[in-house]
Amino acid sequence: MADTIRVQTADFDVGEELASLTARDARAGAVASFLGLVRDINEGNGVSEMSLEHYPGMTEKALAGIVAEARGRWDIYDVTVIHRIGCLLPKDRIVLVAVSSAHRGEAFAACEFIMDYLKTRAPFWKREVTPDGARWVDARESDSTAALRWEK
Amino acid sequence: MADTIRVQTADFDVGEELASLTARDARAGAVASFLGLVRDINEGNGVSEMSLEHYPGMTEKALAGIVAEARGRWDIYDVTVIHRIGCLLPKDRIVLVAVSSAHRGEAFAACEFIMDYLKTRAPFWKREVTPDGARWVDARESDSTAALRWEK
Amino acid sequence: MIKILYFASLREKLGSGGESLELPDEVSDLAGLLALLSARDGEWRSLAAVKNLKMAVNQEIADASARICDGDEIAFFPPVTGG
Amino acid sequence: MIKILYFASLREKLGSGGESLELPDEVSDLAGLLALLSARDGEWRSLAAVKNLKMAVNQEIADASARICDGDEIAFFPPVTGG
Numbered sequence: 001m002a003d004t005i006r007v008q009t010a011d012f013d014v015g016e017e018l019a020s021l022t023a024r025d026a027r028a029g030a031v032a033s034f035l036g037l038v039r040d041i042n043e044g045n046g047v048s049e050m051s052l053e054h055y056p057g058m059t060e061k062a063l064a065g066i067v068a069e070a071r072g073r074w075d076i077y078d079v080t081v082i083h084r085i086g087c088l089l090p091k092d093r094i095v096l097v098a099v100s101s102a103h104r105g106e107a108f109a110a111c112e113f114i115m116d117y118l119k120t121r122a123p124f125w126k127r128e129v130t131p132d133g134a135r136w137v138d139a140r141e142s143d144s145t146a147a148l149r150w151e152k
Numbered sequence: 001m002a003d004t005i006r007v008q009t010a011d012f013d014v015g016e017e018l019a020s021l022t023a024r025d026a027r028a029g030a031v032a033s034f035l036g037l038v039r040d041i042n043e044g045n046g047v048s049e050m051s052l053e054h055y056p057g058m059t060e061k062a063l064a065g066i067v068a069e070a071r072g073r074w075d076i077y078d079v080t081v082i083h084r085i086g087c088l089l090p091k092d093r094i095v096l097v098a099v100s101s102a103h104r105g106e107a108f109a110a111c112e113f114i115m116d117y118l119k120t121r122a123p124f125w126k127r128e129v130t131p132d133g134a135r136w137v138d139a140r141e142s143d144s145t146a147a148l149r150w151e152k
Numbered sequence: 001m002i003k004i005l006y007f008a009s010l011r012e013k014l015g016s017g018g019e020s021l022e023l024p025d026e027v028s029d030l031a032g033l034l035a036l037l038s039a040r041d042g043e044w045r046s047l048a049a050v051k052n053l054k055m056a057v058n059q060e061i062a063d064a065s066a067r068i069c070d071g072d073e074i075a076f077f078p079p080v081t082g083g
Numbered sequence: 001m002i003k004i005l006y007f008a009s010l011r012e013k014l015g016s017g018g019e020s021l022e023l024p025d026e027v028s029d030l031a032g033l034l035a036l037l038s039a040r041d042g043e044w045r046s047l048a049a050v051k052n053l054k055m056a057v058n059q060e061i062a063d064a065s066a067r068i069c070d071g072d073e074i075a076f077f078p079p080v081t082g083g
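Chains as they are written, first to last, in the working numbering: chain P, 1 to 152; chain X, 1 to 152; chain E, 1 to 83; chain U, 1 to 83.
Simulated from the structure, these hints should not be mistaken for lab results. All values derive from a computational prediction rather than experimental measurement. Misleading hints may appear alongside valid ones.
[Unchecked claim] Reference listing, derived: stretches of chain X covered by chain P, where coverage requires no fewer than 3 residues with Cβ under 8 angstroms from a Cβ of chain P:
id, region
1, 9 to 18
2, 21 to 32
3, 37 to 45
4, 53 to 66
5, 91 to 104
Don't be surprised by glycine CBs; every beta carbon is placed ideally from N, CA and C.
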């Protein structure tokens, strides 16, 4: 049980991160993961560039709190959360969440939960450049709905 | 839309597979994936070795059918399913399922669906070596239950 | 002729990975084939009684009522445990 | 003194990433601080009216009734959009 939680401008290597997640614990039979990428289109507009701002200090605390809550809900082994900040281009990796567990049901649930809470509770903000100019990305109603279902 | 479905004795590189999955489509903002590993313990016994048998021909057809059904249910882009056969050791990779989509909800659902159906419909059989000798792994009730929830 | 395959624990138990068989005229479905094979001596007797026995016709899961005809590939196996 | 931070679209709109402020005695919660800031000229006037304005006290999400005291780090920001 050693969580990896990182906020960084540098890219990350998914294969390496998953290997390091699973290397520690031979009980882990299941790893569910999510990789988020910059899309080249959003709300109907082409996106040529994106920048990600965050709230240093609070971000790491919020992510650690979300992971701790996932641990309280599911029997999981190790967790990796990596989120990039700064300037990104279409297809660039933004976020990786990976969860190992003995069985896949818990790994999937915890991974999806962490993503849903990250989307609504971790202080990151996206700004994208489109042919119409730069704009701050609006929060999506569907993200709030996704997070709400875990309150049941 | 180009699915990768492979049954092989060789190991695979998760980072490379995910990179090749996402390289093709810049609309893909979300990749959900599942990695299954050999556990060093099962049903209370230590496992020192595992072998995987399959039904050549039917396996590939069954996997393609499961992926096609996922495509009918969710709006997903690309799918990768790789399943190893032959002799494996604890911590070895067994299976990778990865699904790309515009949004994470569909990627997660389709990935979990494919795993649940693979577990109950694709003709693979595990045999493991424990201190008490070799034994064929029994099908798990929980896998049937997991697959059944998609029938609703 | 039909081709019959046996997998995993069933293959071990029967001591056979498969066989080619001339389909008798009176056998027209999987239930009939199962009865035919179960009439053999030794471990074959228990074939029809195998718990959760799975069957496939031409690489598609099928149940006992599935029709079979000359040239078909039939398979018998225990519940799958991949993934 | 309290430390106040503004992020993302709010930072741009106010033209400020943050400030240090001597907390007046009569301000004891976030609602009070918000009223104080909204009494300034220009864009500040619209601060309290920002749709879905989020607030944090010492790096934890808080609502308008949250107590604040000397030394606290307060943040105002729009709904988050990471991931």
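Now for the hints, and whether the structure bears them out:
For the region 9 to 18 of chain X, the stated coverage by chain P is satisfied: 5 residues place a CB nearer than 8 angstroms to a CB of that chain, which reaches the threshold of 3. With a threshold of 8 angstroms between beta carbons, the proposed coverage of the region 21 to 32 of chain X by chain P holds, since 9 of its residues qualify and at least three are required. Only residues whose C-beta sits within less than 8 angstroms of a C-beta in chain P count toward coverage, and the region 37 to 45 of chain X has 5 of them, enough to reach three; the restraint holds. Coverage of the region 53 to 66 of chain X by chain P is violated [criterion: at least 3 residues with CB-CB distance below 8 angstroms; count 0].
Here the region 91 to 104 of chain X counts 4 residues with a CB under 8 angstroms from a CB of chain P, which clears the bar of 3, and the coverage holds.
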